[in-house]
Each structure stands twice: as structure tokens, then as C-alpha cells.
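Participant: The chain contents come next:
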Amino acid sequence: DQQVKQNSPSLSVQEGRISILNCDYTNSMFDYFLWYKKYPAEGPTFLISISSIKDKNEDGRFTVFLNKSAKHLSLHIVPSQPGDSAVYFCAAVSQGNLIFGKGTKLSVKP
Amino acid sequence: DVKVTQSSRYLVKRTGEKVFLECVQDMDHENMFWYRQDPGLGLRLIYFSYDVKMKEKGDIPEGYSVSREKKERFSLILESASTNQTSMYLCASRDPRTGPGELFFGEGSRLTVL
Chain A
1 DQQVKQNSPS
11 LSVQEGRISI
21 LNCDYTNSMF
31 DYFLWYKKYP
41 AEGPTFLISI
51 SSIKDKNEDG
61 RFTVFLNKSA
71 KHLSLHIVPS
81 QPGDSAVYFC
91 AAVSQGNLIF
101 GKGTKLSVKP
Chain B
1 DVKVTQSSRY
11 LVKRTGEKVF
21 LECVQDMDHE
31 NMFWYRQDPG
41 LGLRLIYFSY
51 DVKMKEKGDI
61 PEGYSVSREK
71 KERFSLILES
81 ASTNQTSMYL
91 CASRDPRTGP
101 GELFFGEGSR
111 LTVL
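Protein chains in written order, with my numbering: chain A, 1 to 110; chain B, 1 to 114.
Where hints are given, some of them may not hold.
[Stated by the list, open to error] What follows is a set of in silico ranges between Cβ atoms, one per label pair, in the way DEER data are often shown: (1) A:Ser74 with B:Thr15: 16 to 24 Å; (2) B:Glu107 with A:Gly60: 19 to 27 Å; (3) B:Lys57 with A:Pro40: 26 to 34 Å.
Don't read these hints as lab results, they were simulated from the structure.
Using N, Cα and C, we set each Cβ at its ideal position, and we do this for glycine too.
Chain A with its partners taken away, still in its complex shape (with noise of 0.2 Å):
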């Protein structure tokens, strides 16, 4: 049973635009979430994260937004580059362990 799902597999957008990647959860006792990228044949780097504690958190270009009564969360990246191109990884912890979602693979176009 997958407990943490990105249901969109792709995105693409054009370049200068917003992209929402979407991710929901269905552990209420998760309390810590995260955001991983990924490019081809490297391993994943972290993003951003918030905690349950808050309901929004922004690191330059890239915002995390949670709803915990909805059990989702987002990351919106404004404005989009064509280096944003990658797989995004949404993951939520869970006794110490990261639970990942099955990623969203995002196209910037120029």
C-alpha cells in the first residue's frame, strides 16, 4: 500500500511559468516531509522540506506548501528553468526512515 503517491509520472511547462508537482500522503503521523530532485545517472539532492508544524516553507525559486487536513503537500517552483528538468522525489518520514513517492519527471521547456 503506497503511503506516500505523486500521481502525475510527468510535467512539463514552459520556461519563466510556475510548475506545481503535487504529492499526497495517507499517514497522519507523518511529520516531516521532503523534497528530493534528481538528474540522470546522479543520485538525488534535497531540496526543501517543512515540518507538520508549519504550513508553508520558501527557499528562493522553490516554495513547499502543506495541508494536513488534506493530507497534501506541493512544491511550486517560480519561475521554471530549463535546469529544473529532472525527476522529483516527494518523501515523508516516518520512524527515521524516508517513505519516497514514485517521483513526477519535470520538462522545462525553453
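Guided by the hints, dock chain B onto chain A, whose structure is given.
Facilitator: Just chain B, lined up with the frame of chain A:
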């Protein structure tokens, strides 16, 4: 900067061979992890270790074992490789004192089993 180094970027092995994947981190992190990444399946946890000599099964440990004899080194072992173990293997480390989630990943080892 934290560096997690995986010994082999690309390996090709035959069915039944024993395979060793080595991982070394240079930041004195206590926690280390092995994941595999497959298209459409995301990252799945194979084994993890919260300290030297300790190891715990993750979500998909079948067909794998691990060794953590030194703090900086975490090895993944495939005793008898099979074609369904063709995958990208990712090692990660974490300092549990700095937060619950942030993992530092190596560049990955792409294993092909023929």
C-alpha cells in the same frame, strides 16, 4: 561538503554471480542506507544501518545482505545476482542530529545482470 562515494558507477554481472557494492561517506554520519531506484517504482529502501555493526531490513531486503564494519563504509551484497536485480542502486548517509530526514546520496551504481 558531504561526500558519499559509491565504488562503481556501472557494473555488468552474470546471473548467479556474487556482487559487492561499496559505499563510503566522509562526514562521520551514523546512519547509512541502501536504496534501489526503478522506473515507475521510485526509491525503495533495501537495508539501513543506524550505527556500526548494526543493520536493519528495509522494505525489499530479499536477495540482499549488508555489512557495516566501519562507520564510514556500508556495503551491499548480492549473494547470487538475478536479472530482477538489474537496477540503479543508491547509497545515502545522514547525521541524525541535524534533522529527521535529510539524506545525502551518492551518485548511484547502475547494475545490469545478464
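Participant: Please go over all the hints and tell whether each is borne out by the structure.
Facilitator: Hints, one by one, checked against the model:
The beta-carbon spacing between Ser74 (chain A) and Thr15 (chain B), approximately 43 Å, falls outside the hinted interval of 16 to 24 Å. Taken as a hint, the range 19 to 27 Å holds for the pair Glu107 (chain B) and Gly60 (chain A), whose Cβ atoms sit roughly 24 Å apart. Range check, Lys57 (chain B) to Pro40 (chain A): about 29 Å between beta-carbon atoms, so the 26 to 34 Å window is met.
Violated hint for the displayed structure: number 1, the only one.
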